[in-house]
Structures are given as structure tokens and as C-alpha cells.
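Enquirer: Chain residues, written in single-letter form:
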Amino acid sequence: MIYLSYDRGSIIIRGDIGTPYGQWDPRIKAYRGMALNYPEIKSFLDKSNVAYRDDVLDLPPTPILRSRMTLRSYQKEALKAWLEAGKRGVIVLPTGAGKTHIALQAIQILNEPTLIVVPTIDLIDQWRKHLSEQFNIDVGVLGGGEEQVRPITVSTYDSATIRADQLGNRFVFLVFDEVHHLPAPTYSQIAEMYIAPHRMGLTATYEREDDAHKDLPRLMGGKVFELDVDRLVGKHLSPYDYEKVLVELTPQEEEEYQKEYAVFRDYIRSRGIKLESAADFQRFIMRTGRDAEARKALLARNKALRIVLNSEAKIETLGNYLKMYGNERSLIFTRYNELVYAISRRFLIPAVTHQTPKEERREILDEFRAGTYKAIVTSQVLDEGIDVPDTSIGFILGGTGSSREYIQRLGRILRKKEGKRARLIEFVAKETMETRISQRRHR
Amino acid sequence: MPLNLLVTRRRQDMIMPVYSELNSNNTMLAKHIIDVYSENVGQKKLVLNNVVSEFEDWGYDYRFVRGLAALLDRRCQLETKTSVDPIDVRRRLFHVSCEEGLPTSGEERYAILSRVAAELKLDADTLEESIYGDLEDEMVLTSFDPIDPVDLLRQYNLSLTQTLLFNASELSFTASGNWQRIFRQIKWLGLIYTVRPVGVDYWVTIDGPVSLFKLTRRYGTSLARLLPSVTGNRAWRLKAKVIGPAGNTLLNLELDSIRHGSYMKQPTGEEEPIFDSGVEEDFAKRFEALGTGWALIREPGPLPVGEYVMIPDFLFEKDGLKVYLEIVGFWTPEYLDDKLRKLDAARGVDMVVAVDRRLACRIPSGRLEHLSLIHYKDRVPLKPILTHLQDRQRVLVDREVESVQDTELNLASPVVGVEEIADVLGISVEAAKSMMVMFSAPGYRRLGDIFVRETLLTTMGDALRSRLASGRLSLHEASQLIESLGGRDPSAILEALGYRIIWHGINPESAEISENRPI
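For the protein sequence lines, the chains are A and B, in the order given. With the first letter of the first sequence counted as 1, position 441 gets the number 441 in this note's numbering; the numbers rise by one all the way through. With the first letter of the second sequence counted as 1, position 440 gets the number 883 in this note's numbering; the numbers rise by one all the way through.
So the derived label-pair ranges between C-beta atoms look like this:
#	chain 1	residue 1	chain 2	residue 2	range
1	B	461	A	285	17 to 25 Å
2	B	740	A	146	44 to 52 Å
3	B	664	A	285	21 to 29 Å
4	A	146	B	664	16 to 24 Å
5	B	591	A	285	32 to 40 Å
6	B	664	A	255	43 to 51 Å
7	B	468	A	250	42 to 50 Å
8	B	642	A	286	36 to 44 Å
9	A	286	B	468	20 to 28 Å
10	A	20	B	825	55 to 63 Å
11	A	146	B	526	29 to 37 Å
12	B	524	A	145	23 to 31 Å
13	A	293	B	619	42 to 50 Å
Residues of chain B clear of chain A, computed beta-carbon distances all greater than 10 Å:
#	residue
14	693
15	905
16	916
17	923
Derived by calculation from the structure, the hints in this document are not laboratory data. Computed from a prediction, not measured in an experiment: that's the story for all the values here. Ideal placement from N, C-alpha and C gives every residue a C-beta, glycine not left out.
Build out the structure end to end from the sequences listed, making use of the hints.
Expert: Structure representation (C-alpha cells):
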């Protein structure tokens, strides 16, 4: 007789035979397998006709989920591909193409305990709203100070990781929103420590710069469907214009910038350091721990970058644009919170950062959706997947060089609305290091 | 402490935190920074941050300075000190600015500020101040709990070690002292331990369920939380495997109380025994007050039982006898299950198990039959435990008695007491006492608990008789006489020689000796 049980993110297999995916654990004198491999272990036992008792699952009863939802043709295609792949795998769709609807449909079809994992608190609120409206049920929430597990639960990646020990055997279906976060050393534990055989990943950007997406097929099944932006623009998404505005620093900023940048450049050149990839840069950061000169160079570089990204000249330019487009719904993105607050104070525009109290953040987003607020200024927290409908202008006042961030920001303002043509306006300081960062974004 | 403030030194595959020496230079720095916090009570947090960052310019490692500041931040109370609610101020401002169009000139902006200020009956400057008064940088330091500079440095060193452990995949240690608490904490933190003997010590290795499959930092935070329980002991040694920054190297950390203890030593509560519960403390106090002759040892260290290891609460020791006491308090069902599994495995161990009465019905009858089970309510009763200890002693005595039954005593000195006999035979004093009547020694007479050589008795008898012939003899003098001749236990000898002690009152000085002749 074989006896299967769940132990804090793993499966304990007691009995006199080993199974594939089971490793001998001398600490407890039994075999142990990853929760991830629960379906394989079970199917091996089924096939080999061995008597076994399975106490792994601890599932709450799930209410019958009913809704009237219709999917667009490409959404149906995506769902079909996922079902045919054995209810596993990643669906890649541009932001604004309605990934959430596909997942909601899948949740209804499967009708089993489901955990939806999302990267931000805003997304928790949004999913909760969709789920409770669609199915008329109480939705569990983990994260942002809430701790309530229900058959259908929405969690942050962090909470799902931290609580994996206790929750790993309580869901059959996992939905990962913005699944490109999953293949990181910490978050991949969610995939490994939950037994759920059914898994759906959603993202607009499957590839990661560090190549970690190569682990996705093991963690949840590979890419099962992909649709790129060009096929959608015009039909389901609004077409957009892009405009780059070169801004000249004020003379004082220019002088300070040159001074700081020279410190950094001289150090790099004198040591023959190359800074071309993320790995190069990490090595340089490590060096600053040992070498006081390197640290000075890094501080000078950061100062120079701050001058550029927080430039007064850019705020002035933004003012001019706001004068022209002040009545259209717009989002203003910056790299640092410092600039968020400077802009918020200067133009009396609501700001959203990770420091914004939760209630206020909700209120601001609601007022923005309702049209009371015309603009929001934010650093990075809105980057992913929060519904901000009908925004027609995006201002970028500085971001990182990552192309994923760029796409997400684009997607933000591309929600479909009749007769709308979206504009994306980027302010780049002339002839500075920012010029290069901006180029990297458009690769 | 955040990972980016961690300072370590690496040599080959060894890694060490770079501890702050407790020297005057570092103590002065610590004191300066503490003073900055104390002196800036009433100031904005931003001001504090700026002053602290100035220390970095003095040539100290910025990671050290910020590490100290991070520890001091925890001792601060920050408050929003604006007369109006900043959230309300913002809501009003943003609404007005949206109604009237975003202000793109100074005049437009000032008009909006003034309008909202008027609504709130404030002036525009105060309003301006409070827009973001609730951001941490804008908050005011209202109170600060100061700390001794050396204690701060020690806390820093401990914190440094903990931060390094965030990246650990496993931790091993051995320690003298507080095992029980450590094991309970291991369990509570969801970790798994393995105990193996290394020489005379037990080493405990700790990781977690999924550590089996791959190196993981998952349990690092828990291992870090466990650290103070290990380093808080008098003597300890530990080894940890730390996953390198790139994730593909494994580094070794090795620390011990002799070389590193003083860096991290926490000032309070280390010498006092720490009890898990009042029940245990109460029991120890009452038992020790009895003076039973049994030594009571708290938390005697790991006891291997089958495939498990237990840390019993108490050990009673006497004459080589070892009896364990385990107190099973009212706890969760999982705790009880785990406890029962171990107790089941405790075969061949002499153990009393005191179970909280409220749990009694949860233990199936017949289970734990191999142990001696008692129930308690509120406090563990002494009587059944004393009875158990006495039984054990009787069993020992009987066994010993049997082993020496036919032994003929070969005595050397003129007077031999029961302790020496026990020693000669290698048995307990209790056993020797019960055997006295059965021993025989040629040329000796047994007087109560001693054997006295016949020839010595004759000598003493003669001496007493001739002394009595010359007048009254006090008990005191008679005793001296006996002891001067090499005797012991004068009253037994006097009685054996046929003398009687006549008491005049209770003072032994006034007692005298007379021949024990029937009147």
C-alpha cells in the first residue's frame, strides 16, 4: 500500500516502492516529490495498478460558476489552444487584448478551486472586481494586508510564495497574470510548491532579458498561443502615434550634469570597464562594495542620471504640452518618485506611487476612470495591466532601458475606443546618457 | 537589514560577515549617529537622512553607516504633523485643478492654492506644506528610544549575520543550553531538523521540506530568525551553507562562541534558565525545595529515540540512575501527534510523562504503556514522581543486593562505615545499608551502620572501665576518648560495650555515662 500526503510544498510517498519524481528523503525515511510533479506521480501509480491512498488534496467546495460572456474570435482561438494543450501553458497577447476575459472563461469551464496570481495590489482589486461581477461570488484575497482564502482567490506573487507551504494543496487551477514574473528564483517556487495540475499563464512579453523564460515549459507548460500587436491595431486596439521631444537642459543642469558624468566616464575609461549588458553592470555594482573609487563613480553616474531624468527643463516642457492637451485624458510616467511628487505639486495632478495609501489610490483611479481627474502622474506601479480606459495621451519623462516596460506603457493607452488615435510622447534630454537608454527601449 | 548593506569577506569557499570591532573608533561613530537621532527629535525624517548620509563622507563604509541607521530607524516613532489631513488637502486641490484646468503658470497655481486654503481657513503656505505631509520624508520624528553604542554595534553584528543567512540553504549547530526552545522554534518556523552525533556533541542540521530537491533560499529568513536562539547560549558552534549572489556557488560560513560570541552577545537574560512554560518552572522550584538527593537537570540535551530525537524537559539523576520527565502541555493536535510519535519510539527509556488533563481523552488508552503516565491540572504533582523515583531506587537496590549477596567482606581499617562498604562493592549506599545485617566480616562486630574490629572494641572497653573507676565520666569526655583511639559513632560503641547514657536535661555537655547494669 502506498500512501500519498502533502507536506509544505511537497508530496510525501510512504510505502515500499519508489516512484518517478520521488526522491528518498533520509530525514523522514520516506520518498518525497515536488508538488509540481503531483500529476505525474499520480498517473504513474494509476498506470502501474498499485493500490494507494491519496490524502494530498484539501479542496474547498466550489460554487457553480455561471456567467454570460462572449469572447472575440482570437480569444476563443487562444482558449481552445490552451485546452488542447492539456489545460496548461502560456497565452501571449498584447496589453489591451482582453487576456482577463480568456482566463475568466477558463475559470468558468473548469469550475474548480482556482488561485489567480498577480504582480500588484491594483491588479488584485481589478481581478476581484471582474470575478465578483462576472460570477456573483465572494472572492478570496491574499496580499495588501488581506488574508482570506476562498475557492476562487486572488493573490500577489509575494503572498503566493510566502504562503506556498499552507496553500499548495488547496487549488487545482493556477492562473498567472503577467507570467513573465514567474521564472525568477523566488517566484518559481509557486509553480513548484503547488500541486495544481491546471495552469494558465498570461503575458504580453514572453521573453525575458535574462533568458529565464526557458524554464516556463517545466513550470507551467510553454507558449500555446501568441498574437502580436500589429494584427490587432486598427481592429481591436486603437492606432497610435509616437513623438519624441528633445529637451535642452537648463544651463545650470547642463553644467552639473557634465561635471558628474565626467567623474563616472573617467573612472570607467581609466579601468577599461565595459558596460554593455545587465551582467556588466552588475559586476560594476559588486565592484563598488570593494573599491571606494568605483563607488564614487557610481554615485556620480546616479547623480547625473537624476539631473537628466528629473530635469527642470522637462517639467517646463511638460507644462507647455499640458497647456495644449490639458483636456485630454493623459498618463505621465517618470522614473523616480521625486519627479512624480514635483510634477504633482507643480501642476496639482494626482500622484500614484507605492507610497500612496491604498484607499487614496483606489479613489484616484476611480475618479480617473469616471473622468473627474484628467491626468495621473506615476512612477512604475501602473505599468502592468491595470485597466485605465480611454487614455489618449501618454507622456514618458524617463524610464529604464527595458523594452518590456516600454511595451506595457504603450499598451496602457491603447484601449479600444471608436475614432480614437492614441499619442505617446517621450521627452528625452538632448545629448545625454538618456538618449542611449531611450534607443535601447525601441529595439 | 537590507541585503545591499551586507558586508562580507570571502576566501576561497569561505564567507564571513565583516563584523564591527567593538573598539573606540566604532563606538564613537555609533555614539555620534545615536546622538544625531536624539538631537533631531522634532525634525522631519528627510533632515535626519541628510545628516546621517554626511557620516559617509567622513570615510566610513556607507554600508556600515546605513546599517546602523537602519537599526536606529526601528527605534523611531514618526508622525504626520500637519494641522489638516494631507489626503483631504490633495483631494480638494486635484478636484479644483481639474475643474479649472491644470495650472501651467505660477499665478494659476497660486489661485487654486488660495481658493482651497480659504475653504479650509488656512493660509496658502501652510496648505502648501501639508500637501504631502504624510510621506515618510516629510514625517516628523516624535520620539526616539536611545541605545548604548556598544549594544548597537553588537546588534549590528547580529543583524549582519542574520542578513547573510537570508541566503542560506541550510544551518547546522551545536550548543549547550536551551535546546527545547530551539527545537520548538524550528518546528514553528516550518523547518526540518536532523540530529547526528559528532564525537561527544550532537549536531543539528536544519533545512526545509523542499530543500531535498534543490538548493533554495526559501528557508533563509527562518534560519535567520532562529539565529539568536543559537547564539544566545553560553557555548555554541554553527555552520551554514550560503548561496552565492549568482546562485551557482555555495559558500561556507563557520562561527563559534569563542571567536565570535562577544561580537554578537546580547546583554540580557542569558544565564538564567529559560522555561517554556510556567508549569515547568513551578515544578522545578517545588522539586528542588524537597532536597531528595536526586539531581534535577533542565533540558538535558538530545535523546535519540528510534529514528527521532527528543529533547525531554527534565532529567533526574542519582547513583547512575537516569529518569526523564516530559511535560506535555495543552497544545495543537499536530503538536500532540508529533509528541506521541516520538514517545511511541521511546522504548527502553525510563520516562515519566505528565499530560495536561485536558489532553487525556485525546490519547488512546493503551498507547504510551511503556512509559509512566501521569495527569496534571495546572501544576505537575510531586507525589507520583517521587514514588516513581523511589521505585526506581528500590529496583536498583534489590538488583545490587542480589549481585553482592554471597560476598565476604575483607576489611582493612579498624572501623568501616557503610559508605566505604558501598564503595568497595561498587553498589549504592542505599543498597549497602539494606545489606548491613546480612554481611559478615571475620574479626569484626557490626554496630548499626559501621563495622568495628573486635580487638579495637576490647581496647576501648578497657580504657573506659579504668577511666570510670576514677570518677564520673561525661558523654563528651567518653566520646573524645573513643575517637582518640580511632573509633567512630561513640553512642553505638558505648551501647555495644554495655554502657548507658544518662541525660540531665537536653544539653549533651551534661550527659554522663554509667554501666548498663540492671538496677
